[in-house]
Every structure is written in C-alpha cells, then in structure tokens.
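What follows is the residue order along each chain.
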Amino acid sequence: MPIDKIVPDVAAAVAGVKDGDTIMISGFGFAGVPNDLIHGVLDSGAKDLTVISNNAGTGTEGLAALIGSGRVKRIICSYPRSKGSDQFDARYAAGEIELELVPQGTLSERMRAAGAGVAGFYTPTGVGTDLAEGKEVRNFEGRDYVLELPLRADLALVQAYKADRWGNLIYSKAARNFGPVMALAADLTIVQVREIVPLGDMDPEAIVTPSIFVDRVVHIDNDREWDI
Amino acid sequence: MPIDKIVPDVAAAVAGVKDGDTIMISGFGFAGVPNDLIHGVLDSGAKDLTVISNNAGTGTEGLAALIGSGRVKRIICSYPRSKGSDQFDARYAAGEIELELVPQGTLSERMRAAGAGVAGFYTPTGVGTDLAEGKEVRNFEGRDYVLELPLRADLALVQAYKADRWGNLIYSKAARNFGPVMALAADLTIVQVREIVPLGDMDPEAIVTPSIFVDRVVHIDNDREWDI
Amino acid sequence: MSTAVSTSGQGAGFTKLSRLQIARRAAEMIPDGSFVNLGIGIPTLAANVMPEGKEIVLHSENGILGVGPAPAEADRDRDLINASKEYVTLRPGGSFFVHSDAFAMIRGGHLDLALLGAFQVAGNGDLANWTTGDRRFPPGVGGAMDLAAGAKGIWVLTDHVTKKGEPKIVNTCSLPLTAPGVVKRIFTDIAVIDVTEGGLVVREMVPGLTLEQLQEMTEPPLTLADDWKELVVA
Amino acid sequence: MSTAVSTSGQGAGFTKLSRLQIARRAAEMIPDGSFVNLGIGIPTLAANVMPEGKEIVLHSENGILGVGPAPAEADRDRDLINASKEYVTLRPGGSFFVHSDAFAMIRGGHLDLALLGAFQVAGNGDLANWTTGDRRFPPGVGGAMDLAAGAKGIWVLTDHVTKKGEPKIVNTCSLPLTAPGVVKRIFTDIAVIDVTEGGLVVREMVPGLTLEQLQEMTEPPLTLADDWKELVVA
Chain C
24 MPIDKIVPDV
34 AAAVAGVKDG
44 DTIMISGFGF
54 AGVPNDLIHG
64 VLDSGAKDLT
74 VISNNAGTGT
84 EGLAALIGSG
94 RVKRIICSYP
104 RSKGSDQFDA
114 RYAAGEIELE
124 LVPQGTLSER
134 MRAAGAGVAG
144 FYTPTGVGTD
154 LAEGKEVRNF
164 EGRDYVLELP
174 LRADLALVQA
184 YKADRWGNLI
194 YSKAARNFGP
204 VMALAADLTI
214 VQVREIVPLG
224 DMDPEAIVTP
234 SIFVDRVVHI
244 DNDREWDI
Chain D
24 MPIDKIVPDV
34 AAAVAGVKDG
44 DTIMISGFGF
54 AGVPNDLIHG
64 VLDSGAKDLT
74 VISNNAGTGT
84 EGLAALIGSG
94 RVKRIICSYP
104 RSKGSDQFDA
114 RYAAGEIELE
124 LVPQGTLSER
134 MRAAGAGVAG
144 FYTPTGVGTD
154 LAEGKEVRNF
164 EGRDYVLELP
174 LRADLALVQA
184 YKADRWGNLI
194 YSKAARNFGP
204 VMALAADLTI
214 VQVREIVPLG
224 DMDPEAIVTP
234 SIFVDRVVHI
244 DNDREWDI
Chain E
12 MSTAVSTSGQ
22 GAGFTKLSRL
32 QIARRAAEMI
42 PDGSFVNLGI
52 GIPTLAANVM
62 PEGKEIVLHS
72 ENGILGVGPA
82 PAEADRDRDL
92 INASKEYVTL
102 RPGGSFFVHS
112 DAFAMIRGGH
122 LDLALLGAFQ
132 VAGNGDLANW
142 TTGDRRFPPG
152 VGGAMDLAAG
162 AKGIWVLTDH
172 VTKKGEPKIV
182 NTCSLPLTAP
192 GVVKRIFTDI
202 AVIDVTEGGL
212 VVREMVPGLT
222 LEQLQEMTEP
232 PLTLADDWKE
242 LVVA
Chain H
12 MSTAVSTSGQ
22 GAGFTKLSRL
32 QIARRAAEMI
42 PDGSFVNLGI
52 GIPTLAANVM
62 PEGKEIVLHS
72 ENGILGVGPA
82 PAEADRDRDL
92 INASKEYVTL
102 RPGGSFFVHS
112 DAFAMIRGGH
122 LDLALLGAFQ
132 VAGNGDLANW
142 TTGDRRFPPG
152 VGGAMDLAAG
162 AKGIWVLTDH
172 VTKKGEPKIV
182 NTCSLPLTAP
192 GVVKRIFTDI
202 AVIDVTEGGL
212 VVREMVPGLT
222 LEQLQEMTEP
232 PLTLADDWKE
242 LVVA
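One line per chain: the protein sequences are C, D, E and H, in this order.
In terms of this note's numbering, the first sequence opens at residue 24 and continues consecutively.
In terms of this note's numbering, the second sequence opens at residue 24 and continues consecutively.
In terms of this note's numbering, the third sequence opens at residue 12 and continues consecutively.
In terms of this note's numbering, the fourth sequence opens at residue 12 and continues consecutively.
It is possible that some hints are incorrect.
Below are the DSSO-like pairs computed for lysine-lysine, each with C-alpha atoms no more than 30 Å apart in a straight line [to be verified]:
#, chain 1, residue 1, chain 2, residue 2
1, H, LYS174, H, LYS195
2, H, LYS163, D, LYS185
3, E, LYS195, C, LYS28
4, E, LYS96, D, LYS185
5, E, LYS174, E, LYS195
6, E, LYS195, E, LYS240
7, H, LYS175, C, LYS96
Since the hints were derived computationally from the structure, they do not count as laboratory data.
Throw the hints in and build the complete structure from the sequences for me.
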C-alpha cells in the first residue's frame, strides 16, 4: 500500500492529542509557527499541556491564544517575553504558568539528543549561572561543562514549506528554525505545509527533514497573517 | 576584501600539514574519498599521522597508498577490513599500525560533538561489548549508556561536489557520508570539489555545509577512477 | 532468483535457500510501510527482491533513505552505493543525508527494523557479528552496534551453520557480542525462527527438513510453532 | 545614520552616540573576513551599517549565515527575520539551517565574534544580559549564554549608563550572570573600552568627554590607552 501521511484537515492532523501531553511547537518569533495546528490543539480541548517552544506567543492568536485559554500548565522555552507577549506575561505574573527557561542552544541540542538516542551531553553553556543550578558540572580538559538531558515530546507541531506523501519536508528561509529538530524529538510529528508535491518532486539532495521523522502532513492553503 | 577560500592546487590545499597531525578523511567505501588531497598529504612527506576515516583504504591508491607508505601510525575507524584492504591488513598483521575501532554511529557523533562544543555524550551503542571496555557506563531511566568523548582533527580532507568562494558546499548522493560532519570537527577543513560556482549560485535552502565550516577549496577537474 | 542447491553430505532430503532467497523471505515478512535498515552482507540483497504491492522505505547507514534495487551496469554511479559497497539506486521520495544524521535515525529509534548478518546468535537474542576474535585479522564493527542498540526490531539473516557445519545459533555466544538480547527473528537458509521469552520458536522450515534435523544443527532447544509453515520463497 | 543627540542634565560638553552609531562603530572594527553573530538589540542594527570594502559574514541564531541589511518595506518576507525579530535580507552566499546547527556553530567555536547587548558588564569581563532579577517579569535568555560560552570573542554594545544614570560597567555584576569573564570589548554611546588582564583600557571617547567624566560613570578603574582616539563614527 502506498505510504500516505497526508491527512485531510487540521482536526485529523491533531487527532489523539490528550490532557497532559507535552507538545513541541516550531517557530522563532513569527516565522515558522504552525498556527493552524496550534488552533487545532486549542479546539481539541486538551488541557494540562506542557509546551516546548522558543517563545511564549505574542498577540491574540496562535500560542498566545493557547496560553490564554489556561490549558498550558508549563512552558519550556528560551525567550518567553517579547513585545506583545501579554497573555504569557499575565499568566506568569499570576503564578498560573510554570516556566522552565533553557538557553536556546541547549534547548535545540536537548531535542536533538532525544531524537538521536543520546541520553545526556555536556555543554559549556550556562556554566556558572543560575540556569545551571542543581545540574551536574564536570570538568573536561580544564573546562567546566553542564550535563543536560534529552527533551522529548508526545507531539511536535511543525510548519514547513513543502511536503510529499512520504513526509519529506523542505522549509522556507528562517522559518526552518526549530522544525527539523523537533521532528526528531517527538513521538508524533505533525506538519502543516503550504504545498504538497508529488513523490519524487523534491531534490533528494535538498530534502531537509527526511520522511522517517514525519507522521502526519496537512495542507493549509489559507496562509493568512495571524495576529501573533 | 572578498573572502576567497579557493586555492590553486593540491599542494596549496594541504600546505601546513605536519608530522604528528591527526587527519580526518571523508568517504565510505569508494564514494566520497578525497583521493587527490590524500596524495597531496602523501607528497608532503608528513609522517606519524593519525587518520580518522570510516574505512582503511583498498587497492593501491588513496588511503591505501598513504598507509602503505608507513606514515600512518594510527587509524581510528569503524570498518578497516574490506576486499582489497591489503595495505592495511599487512601493516596490522605486522603490528605496524595502531587501530582504534569505533562503532560507525559513535564515530560520526564524536565528530559532531567536537564540532558542536559538546564535551561528552552518552550513547547506548556498544554497551555490554568489548568496545565499551574501560569506558564510563551510566544508567539513565533504566538503560545503560557509554560516555563517549569528542573526536577532533588538525585537518579534515573532504570530497564534495560543488563549492563557491565562501566555501559553501553541496555533495553528490551517498558521497556526502562523513564530509559535512568532518568539516565541523577539524581545525582546518580542506575540500576538493568537481565544480566551483559563483557566489550566490547555490540555493541557500540546499547548502549542506555552510561556509563557516570550510577553510580551503581546490578544484579537481580530473575526476579519474582511482584504484581504491 | 537463484536456484536452491541441494545439501550435500547430510543425507537429508531438503534443499537450502540461496543467500538471495534468505533475503527474499525476510523481505516478504517486512510489514508494509516500514522503514528498514539493511546491514552488510545478505541483508543488502533484500533491496533487489522487495515484494510488489508493499511500500517499504529502505535505509542505508551511509546516508540514504529510499534505497532501490541494483542498477543496470551502464547506470552504475560511484557516488551511489550501499553499506556493502554495492551499487544501488534511489527511489522517488528518497533522500541523502550526512552520516551523523543517518545514525541519529538509527540510535534514536526511528527505524522499525534492521536486518543484520550474524556470526552467532544466542537463544536469548544476543548477537555476535563484528569480530571472529582471531587477532591476526582486524575486526570491523561498522554500524552493527548502533543498529543493534537502536532499531526497534532486529532480524538476523544468516546461514544456519558455519562453513565447517557448526551451529551459528548457540546457547551462549563464544564470540564477542555486538549487543545483548536484541535479536527478534532469525532467517536462515533452512528455517525462520523467532526469539521469544519462552525460547526459540520455529516458524518455518524448508520442505523435507524435520525438527529433529534442525535441532541437531541448533544448540538451544527449539519449539515448533503450532502454526508453523513450510519455508517456501515466492 | 541618525543624528547624535546632546546629553541632557549632565552639563557636559559631549554628544552621545545613537544606537545605530554604536552599532556602526562596532561594525567598523570587525576584522575583514570574520564570521560574526549579531545578538538581540543594538547588535542586530549593525547589519544595516556594515562598512564598505570588507566582506564580513553575519550569523543569526535562528539559522542564517550571510544576513544582509533590512529590506525595503515592500520586500519584507515574514520567513526572513533576525534574532531581534526584525526583517532582514540574505546576501549571495548565504544559507539557512536548523537551530541545532546554528548553535553547533556557536558552541563549537566557529564564530570569530559575537556582538551582544548587556545589562551589566564587570571589570573582569563578566556579562549579565538575561535577567533583571525582577521576579514579576519572566526572564529571557535566548541564545545569550550559548554565544557567551562559544564565540571566540565577545563584544558588548550598550548604553554606558542605565536610564536612571547608574553605571552599567561595574565592579561586580549585581544581576545574575550570563557567563563569567567573556567580554573582550565594550562599545557604549560615549566610549570604546577594552577588557584586559590589567583592567579596563579606554580606547576611544566621544569628543568633549574627559577621562574623569567617563570614570564617574564607570565603577571599575579606567586606564587611558596611549594611542586613544576620539570616538567618531564615519
């Protein structure tokens, strides 16, 4: 039977998301955020979620809407506060959302570790700072490093540019950001793309996320500008 | 001044290689082996070399010739013995070359660690085997892992398909293999390519090795079949 | 498909499978839609005998997903080879990637299955396939330990006995291990055997072979599955 | 280039640089051929005022090498932004890559230089730029700790004093550290100061500013370089 990871709509794409899930969400600033999939999760009603994303949402839609709904109990990110991150800021000030702040390189490397079968790694980032508190520090060749552990998720919501039915992906410019590494780290990788192409249409040298890392693909042709 | 990493010939490409150097050499089987650069090192006369490469050379040219010259004191690889690896086999049997055997995934991950500032990582590969002997074993979430350390080199010799003057690289099919990860792990990354293209000619989405990892590029238009 | 050859010197009325037939039987049993690594030796032959009607994506440790069958001699490309250094092709939908990503796929548990060769397999699933222990010859591990540690399932493809006629399926591996307790199924030239918590279970035997004969060539005790079948390769 | 504004309330006869002028002065001093990360804040402005005649490759933590200046409004692309979430362009020779590779470049020591903002810098090069310590507001570290730990050199671009007029160059950072002892050079709106083993050395001061005035706005003791110059931005 032909492999076909393409699902008809957002509801089918996020089917199975449940209370307590940990969800990675691609994007850096407003580039590469899978807003349709985020609203799919919002519409699913799932709660007590842990979100892993570089930022914590801005404006009134997308991640800000999910956080505003009160269904995110915890967020793991590197840079939550930005112009317009009012939804997060308010919940944070009220003590209604837990924050684990992770340096951006450690955040992406912990994802890669999870996806690459690495159980832990030593990084120089954060040594001697509050963010290394309580973590094992070890000296290699005269320099201190912090032990960091893999970061996994039940779901990864990723925005990409093009996909085929096997789930091969290419991205658009800096909207690539966390997508390819989140796709490695989640049990279920769900992707929204602007275009679906026939199998064999992509240059095999230029595929960024090989099919093996992708589970579901949904085509979103309404590429509107979100309030994020 | 325009950045220009293109050098006129093989001698200029390997200039500076010296006795005792550790040299990474790309390739898997006969695909992606930088034979011209290897012969450049051979011609340089440098000795007491440590070579890091997946295989240990076959036939009479390329890595086999370098090993046959007696200038390689030590090789770090995953799969030294193949049909035609007579040069290596003889030196090994005579106790004239030291062998560090490393599982292939650990080999490439140790290179990535070196290039990515990671001082050590825990892998499940090799646990309970002779290749983990003497290495730290640690349990994470009920499973044992081995601590592996970064693998660096003074030089990486890489074969790629196309380059521009900044040193951006794309590869050809499975000849990509170790090239992009060796480029991360060496102090000096030297690349032989079949084609030089003008800056801006490569698709920025499809560049495999970004310019930052490359130091020197030499154009080899004589793409002959080597006895390897 | 090559012709099966008669066994000689065993006086038994059965015919062993060729290497390609072993590969074919394993290929037939791969679930549709799987992502599967083919290791050095008999496993890489499977790319040439994949069953019709299923879509299975083959992975090669040297940075390929979507490996296709061997090309015609005129179409050989020195940049396109598999783990056994044999010429292959790329199927539509295939992709190339760096070695470290190829092994992220392997170690990270993204492969449904890896088909590997073996020197020895123990009754508990221990696998030995990287060194004969003979110190005169350099050992070669390649990707075997990563595959054994990382793939969700490990199937072994091997001759049932060594060239000297000694069992390769043993009580305890005498050769250094590749990984402990990882093998789930063994495809040999005379049988298909599952490694279960309750021991080795014979699923298939070549026509004419009896359990007693098979047991003589196998160290650990064998149980015949209730629904065992004749091992016939399409 | 925006016009420099007169300082107010300090009664001093000197003019502070604008943010863009701070960025420009740093850009002028970047060695030709360097690979340089631009951090959030004043540093990302440098992409708009790179000197002619040099080829410097700008890195952005969100997966870009070869960042160019801001586009005209009509050419803005929502998929092409920098670390400060401002629209940028890509120069010929530029490339895009995944976040984990962007930080492999950073942590792996491949960047010649990173230009960062700061809340505080200590005389020994300690950097604090990720949290004000005010628990009402969430802290944001972004890529700062990776850059501080990984780039070969760290230059800080900052106002010389806080909005309240307090020194940002201090004896000991009162704010939580980003990394200890990493800053090599400080570009402020009134001076360029090197962090050396022998202490802080003033390389440049804006016209009309005296060392005494500068010292009053700076906690650690300052030495004037023998070859100090007026800080004038081209």
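Practice problem: Would you mind confirming whether the straight-line C-alpha gap from LYS163(H) to LYS185(D) stays at or under 30 Å? | Solution: With a Cα-Cα distance of about 29 Å, the restraint between LYS163(H) and LYS185(D) holds, given a limit of 30 Å.
inquiry  = Hinted pair, alpha-carbon criterion (30 Å max): LYS195(E), LYS240(E). Please report holds or violated.
reply    = holds (18 Å)
ask   = Between LYS96(E) and LYS185(D), does the CA-CA distance stay at or below 30 Å?
value = holds (23 Å)
Has the given pair, LYS175(H) with LYS96(C), been kept, meaning a C-alpha gap of at most 30 Å?
-> violated (37 Å)
Holds or violated: LYS195(E) with LYS28(C), Cα cutoff 30 Å? holds (28 Å)
Under the criterion that the straight-line Cα-Cα distance not exceed 30 Å, is the pair LYS174(E), LYS195(E) satisfied? Given pair LYS174(E), LYS195(E) holds - Cα atoms ~24 Å apart, limit 30 Å.
Straight-line alpha-carbon gap LYS174(H) to LYS195(H), limit 30 Å
holds (24 Å)
Against the hints set out earlier in the document, a violation occurs for number 7 only.
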